[in-house]
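**Q** What follows is the residue order along each chain.
Number of protein chains: 2
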Amino acid sequence: MSENQFDVIVIGGGISGLTAAYTVRKRMPHARVVVLEGKDRVGGRTLTVPLVGSSGVDNWDLGGQWVGTDQRHVMQLLSELGLDTYPQFSVGEKLQRLGGSKVTSYSSDIPSLSFWALIDLYWHMAKTDGYQRELDPLDPFSHPKAKEWDAMTIGGFLDQTIYTQGARDAVEAAVRVVLGCEPNQVSFLFYLVYVHLAGGLQKLLEQKDGAAQELKIKGGAQRISLELATSLGADAVKLGDPVRSVDQTDDAVKVITQSGWQASSSYVIVATPPKAMEHMTFTPELSSLRRSLMKFMPMGSLTKVILTYETAFWRDAGLSGEVVSNGGGPVLTLCPTGPICLTYDATTEKGSPALVAFLGGNLAVAYASVTAKQRQEAVLEHLGVFFGPQVRKFLDYAEKDWNLEPFSFGSPVAFLSPGGMDVFTATVRKPEGRLHFAGTETATVWSGYMSGAVQAGEASALAVLHRLDPSYLSMDDLETIVPFLAQDHQAGGDRNGTVGSPVMKHARKQSGPFWWVVSTALGVGLVLGAVYLANHALKSPDLELS
Amino acid sequence: MSENQFDVIVIGGGISGLTAAYTVRKRMPHARVVVLEGKDRVGGRTLTVPLVGSSGVDNWDLGGQWVGTDQRHVMQLLSELGLDTYPQFSVGEKLQRLGGSKVTSYSSDIPSLSFWALIDLYWHMAKTDGYQRELDPLDPFSHPKAKEWDAMTIGGFLDQTIYTQGARDAVEAAVRVVLGCEPNQVSFLFYLVYVHLAGGLQKLLEQKDGAAQELKIKGGAQRISLELATSLGADAVKLGDPVRSVDQTDDAVKVITQSGWQASSSYVIVATPPKAMEHMTFTPELSSLRRSLMKFMPMGSLTKVILTYETAFWRDAGLSGEVVSNGGGPVLTLCPTGPICLTYDATTEKGSPALVAFLGGNLAVAYASVTAKQRQEAVLEHLGVFFGPQVRKFLDYAEKDWNLEPFSFGSPVAFLSPGGMDVFTATVRKPEGRLHFAGTETATVWSGYMSGAVQAGEASALAVLHRLDPSYLSMDDLETIVPFLAQDHQAGGDRNGTVGSPVMKHARKQSGPFWWVVSTALGVGLVLGAVYLANHALKSPDLELS
Numbered sequence: 001m002s003e004n005q006f007d008v009i010v011i012g013g014g015i016s017g018l019t020a021a022y023t024v025r026k027r028m029p030h031a032r033v034v035v036l037e038g039k040d041r042v043g044g045r046t047l048t049v050p051l052v053g054s055s056g057v058d059n060w061d062l063g064g065q066w067v068g069t070d071q072r073h074v075m076q077l078l079s080e081l082g083l084d085t086y087p088q089f090s091v092g093e094k095l096q097r098l099g100g101s102k103v104t105s106y107s108s109d110i111p112s113l114s115f116w117a118l119i120d121l122y123w124h125m126a127k128t129d130g131y132q133r134e135l136d137p138l139d140p141f142s143h144p145k146a147k148e149w150d151a152m153t154i155g156g157f158l159d160q161t162i163y164t165q166g167a168r169d170a171v172e173a174a175v176r177v178v179l180g181c182e183p184n185q186v187s188f189l190f191y192l193v194y195v196h197l198a199g200g201l202q203k204l205l206e207q208k209d210g211a212a213q214e215l216k217i218k219g220g221a222q223r224i225s226l227e228l229a230t231s232l233g234a235d236a237v238k239l240g241d242p243v244r245s246v247d248q249t250d251d252a253v254k255v256i257t258q259s260g261w262q263a264s265s266s267y268v269i270v271a272t273p274p275k276a277m278e279h280m281t282f283t284p285e286l287s288s289l290r291r292s293l294m295k296f297m298p299m300g301s302l303t304k305v306i307l308t309y310e311t312a313f314w315r316d317a318g319l320s321g322e323v324v325s326n327g328g329g330p331v332l333t334l335c336p337t338g339p340i341c342l343t344y345d346a347t348t349e350k351g352s353p354a355l356v357a358f359l360g361g362n363l364a365v366a367y368a369s370v371t372a373k374q375r376q377e378a379v380l381e382h383l384g385v386f387f388g389p390q391v392r393k394f395l396d397y398a399e400k401d402w403n404l405e406p407f408s409f410g411s412p413v414a415f416l417s418p419g420g421m422d423v424f425t426a427t428v429r430k431p432e433g434r435l436h437f438a439g440t441e442t443a444t445v446w447s448g449y450m451s452g453a454v455q456a457g458e459a460s461a462l463a464v465l466h467r468l469d470p471s472y473l474s475m476d477d478l479e480t481i482v483p484f485l486a487q488d489h490q491a492g493g494d495r496n497g498t499v500g501s502p503v504m505k506h507a508r509k510q511s512g513p514f515w516w517v518v519s520t521a522l523g524v525g526l527v528l529g530a531v532y533l534a535n536h537a538l539k540s541p542d543l544e545l546s
Numbered sequence: 001m002s003e004n005q006f007d008v009i010v011i012g013g014g015i016s017g018l019t020a021a022y023t024v025r026k027r028m029p030h031a032r033v034v035v036l037e038g039k040d041r042v043g044g045r046t047l048t049v050p051l052v053g054s055s056g057v058d059n060w061d062l063g064g065q066w067v068g069t070d071q072r073h074v075m076q077l078l079s080e081l082g083l084d085t086y087p088q089f090s091v092g093e094k095l096q097r098l099g100g101s102k103v104t105s106y107s108s109d110i111p112s113l114s115f116w117a118l119i120d121l122y123w124h125m126a127k128t129d130g131y132q133r134e135l136d137p138l139d140p141f142s143h144p145k146a147k148e149w150d151a152m153t154i155g156g157f158l159d160q161t162i163y164t165q166g167a168r169d170a171v172e173a174a175v176r177v178v179l180g181c182e183p184n185q186v187s188f189l190f191y192l193v194y195v196h197l198a199g200g201l202q203k204l205l206e207q208k209d210g211a212a213q214e215l216k217i218k219g220g221a222q223r224i225s226l227e228l229a230t231s232l233g234a235d236a237v238k239l240g241d242p243v244r245s246v247d248q249t250d251d252a253v254k255v256i257t258q259s260g261w262q263a264s265s266s267y268v269i270v271a272t273p274p275k276a277m278e279h280m281t282f283t284p285e286l287s288s289l290r291r292s293l294m295k296f297m298p299m300g301s302l303t304k305v306i307l308t309y310e311t312a313f314w315r316d317a318g319l320s321g322e323v324v325s326n327g328g329g330p331v332l333t334l335c336p337t338g339p340i341c342l343t344y345d346a347t348t349e350k351g352s353p354a355l356v357a358f359l360g361g362n363l364a365v366a367y368a369s370v371t372a373k374q375r376q377e378a379v380l381e382h383l384g385v386f387f388g389p390q391v392r393k394f395l396d397y398a399e400k401d402w403n404l405e406p407f408s409f410g411s412p413v414a415f416l417s418p419g420g421m422d423v424f425t426a427t428v429r430k431p432e433g434r435l436h437f438a439g440t441e442t443a444t445v446w447s448g449y450m451s452g453a454v455q456a457g458e459a460s461a462l463a464v465l466h467r468l469d470p471s472y473l474s475m476d477d478l479e480t481i482v483p484f485l486a487q488d489h490q491a492g493g494d495r496n497g498t499v500g501s502p503v504m505k506h507a508r509k510q511s512g513p514f515w516w517v518v519s520t521a522l523g524v525g526l527v528l529g530a531v532y533l534a535n536h537a538l539k540s541p542d543l544e545l546s
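Protein chains in written order, with UniProt numbering: chain A, 1 to 546; chain B, 1 to 546.
Keep in mind that the hints are not guaranteed to be accurate.
[To be verified] DSS-like, lysine-lysine: derived pairs with alpha carbons at most 27 Å apart:
no., chain 1, residue 1, chain 2, residue 2
1, A, Lys39, A, Lys393
2, A, Lys275, B, Lys350
3, B, Lys275, A, Lys400
4, B, Lys393, B, Lys218
5, B, Lys393, A, Lys275
6, A, Lys39, A, Lys203
7, B, Lys218, B, Lys350
8, B, Lys275, A, Lys39
9, A, Lys238, A, Lys208
10, B, Lys208, B, Lys39
11, B, Lys275, A, Lys275
12, A, Lys400, A, Lys203
13, A, Lys254, B, Lys254
14, A, Lys238, A, Lys39
15, A, Lys275, A, Lys393
16, B, Lys218, A, Lys39
17, B, Lys350, B, Lys275
[Claimed, not checked] Ranges between beta-carbon positions, derived for each pair:
no., chain 1, residue 1, chain 2, residue 2, range
18, A, Lys102, B, Ser471, 35 to 43 Å
19, A, Ser245, B, Thr249, 28 to 36 Å
20, A, Thr371, B, Thr249, 46 to 54 Å
21, B, Asp250, A, Glu377, 20 to 28 Å
22, A, Ser245, B, Arg467, 36 to 44 Å
Please keep in mind that the hints were generated in silico from the structure rather than gathered at the bench.
Note that the Cβ used here is the ideal one computed from N, Cα and C, for glycine as well.
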């Protein structure tokens, strides 16, 4: 039994769990650490697969793939692991089909509607960005409108604030890919917090200047996990054997896997999607708040398709490979819209041309109900609208419906249904006895992204190290781990009505005139922006993911 | 193996599953039927327990307990099973603490605020009732505002339409008990459909004239399931062995339980809460729509407390035992409000005095995070505010947190987070191959109630019989089972924006003037109602659950 005695057991062999184990080992080299994973591979929601490309077999990502220079946690880790990046290709025109069935590029044939839709979209984005900036992401209910925002969905916010179908389509397409859900399924407050943790909408949606779609990882994103696992050593990562029970006593935690393998440790880091905890038995039972959180934190639905080609024919046509679409017209009898929300150039660092297409939210769900052949036909038909018949001459084709992935339960991230943010805030990263929590959903920087997975993995590891022996930590570390140690019990806070504590009432009073100023400023900005856009023929609006 | 060959296997031994098996057997006496249940008892979300009462041990319900004469499906079944009912006691004054810390009864000391709150509440209820009446519950998206309503929560609707804290508190208390969640957690469209299926708000909230809290069952509500199980015979109900896998082939379904027991059948009726399906493996995988549905259909949180007494001291004080409260002031440091949303007289048919108290939504969650002793202290403290120190002199005390109940996952019902109603409508009762679905969540009359469980159980049984041999069914039966056989593929319907098909646009156009008329009528009604109320000293407003 003594060989199954550990300092730290990590549940979940994705980037977050592996980073947690790696961080413990880095700080405390003699630490006995093991990572337990249900899948027969590491990587969680990253998955790099070999496909036939123009110059033989090459690697493509069917899961998370992008990083950005602003994402310091993942960039630092990549550097430590000796992994290189290369920029997302973005030269050339982008295409869109929003607000109607017409395909438009950004330098020609702009229907008059699109102009207003663009204004509408800027206005919406400015408002959203203004709101998220006001929020304290770790204490969102200190904002006077937080309760109201958590009672509404992004869709409800659109119903109140957006006027053109084009702008609405753009936001819908963005939400489907960023969160894997429909705007009417997600708490508007959660969305604001999510955007805040990424540093704003531009960072979330763009490809440049450190934004979320700036860089790709040479060899594929799963290499992060593979390198981490190699660094930990084969004995420290146990695959294909999901944890079934986690029993805490006063001085240890005992973990039992499906195969009956048992181990005990001083601490456990649970680095799984929140939903995965519903499939383990905890003794004592997880807190009522955490169980409640799981009710309101479903995983997104995202299907990713890679198509490899002999040549990057879209580049030859002056296109970047980027498309934003809100379904468009039907291409299959069963489904009322086309499947694709977004495409990008997916050419590898070795120059193997490819496109990547995303089906998100209800589109991922609806197209999962037809056969693979029908789905492929719909994808090709839809891609053909933008890129012509050449899309059918692919060399290889791979798709991944993350809803069917065991132990992931969906992708790209777990989001919050309305009404759950108070419990989320109080609970998501709060330890329970000897259990600590990681996973990108718990991150306080770039939550939902690979960088968030790294940040949460590191922070939870440091929090555990702090309990094992505080001398391993620096003063800076202490600051990092505060949210991962304990928080105010927000969930016990105001939920009796619209109006909260005196502090909240005070803040609410002040928000009126403030918003008049902001609104006026936005209005002036819009007019100026409209003039600018008209003069510049709408060549490159600052909208990339949406 | 031949002894494990069935015509129908029913998964789930609650009222719905047992009724399904009973219905199959009633129509087709030689049918080989078995009911498989994970719990070691039948009854699902009903549970009758013996407690010490004034004249020895008597029975009380810790789960579903009420029926009403309008609930014809459960009333008919009770009659067939020879079970009797008795009326919910409701003589005397009712107490409330809404919109502040003051306790008020319905015939004295009405603060001026309460008058306006009452008007506000009537207005809200009239609007809600007007909306629900317009809906086709089986095709809610035929209503022009359905998409907007599914993008908002009840809380969002309150933010837009309710002006007094008192009225808001009343609605919150009602939602917490009726659905086990906070108003800001549930799709407003789902709520409207739910109300519609019960025949309106009055039916849902009241104690008389066929409403949901009209009658109790002699001996307790679990007797329905116990009698059904007896009627089926011991061999036909297998307890304490949850189903783990369900494999469909072209001509049969094979079911395997946790203990390794195997059986096959022509059809399977899954009569569990939707969530329970996440803990079984289906081959082929359940449809993507059903998996998506489960993401947006959490179970409510409801804790029920029974206190038995030597005498019904509240009756002696002229009180009915009914209290509606929205938390009120704190009674425990950890929790900002009192625990109780609602109490009723729970005196048995034998005359053993008792009170029943409900903790719903976030109150159930928050109070589950303290010890049982602290929770009891808070309940007693809170009850004492209304009924005085005598509440502490109970003979027996029992509580049930349904979130901790295995295979139930919560109570009283699974509800819809926003944005899931299109998938719900298309999926919840739609067969998948040889799998049929029951459970109160699938009911088309009184969904969420015991009567809905009966109705869905019967309808799913008839749908299966229809496939086994249509000659067992009458023409009336055929009408009943239509929603349980197939539906239009709603989930593939409009979700591209606010505006749907031409039909929906048309309906939207018409709704404007119509609503002006309704609003005006409501306004006139309100003034008249206010005058009436003022004249009648607000003695018995038509509000019982809220």
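**Q** Now, for every hint given, state plainly whether the structure supports it.
**A** Verification of the hints:
no., hint, result
1, Lys39(A) to Lys393(A), "violated, 34 Å"
2, Lys275(A) to Lys350(B), "violated, 46 Å"
3, Lys275(B) to Lys400(A), "holds, 24 Å"
4, Lys393(B) to Lys218(B), "holds, 26 Å"
5, Lys393(B) to Lys275(A), "violated, 43 Å"
6, Lys39(A) to Lys203(A), "violated, 32 Å"
7, Lys218(B) to Lys350(B), "holds, 9 Å"
8, Lys275(B) to Lys39(A), "holds, 23 Å"
9, Lys238(A) to Lys208(A), "violated, 38 Å"
10, Lys208(B) to Lys39(B), "violated, 34 Å"
11, Lys275(B) to Lys275(A), "holds, 12 Å"
12, Lys400(A) to Lys203(A), "holds, 26 Å"
13, Lys254(A) to Lys254(B), "violated, 35 Å"
14, Lys238(A) to Lys39(A), "holds, 10 Å"
15, Lys275(A) to Lys393(A), "violated, 39 Å"
16, Lys218(B) to Lys39(A), "violated, 52 Å"
17, Lys350(B) to Lys275(B), "violated, 37 Å"
18, Lys102(A) to Ser471(B): 35 to 43 Å, "violated, 56 Å"
19, Ser245(A) to Thr249(B): 28 to 36 Å, "holds, 33 Å"
20, Thr371(A) to Thr249(B): 46 to 54 Å, "violated, 19 Å"
21, Asp250(B) to Glu377(A): 20 to 28 Å, "holds, 26 Å"
22, Ser245(A) to Arg467(B): 36 to 44 Å, "holds, 40 Å"
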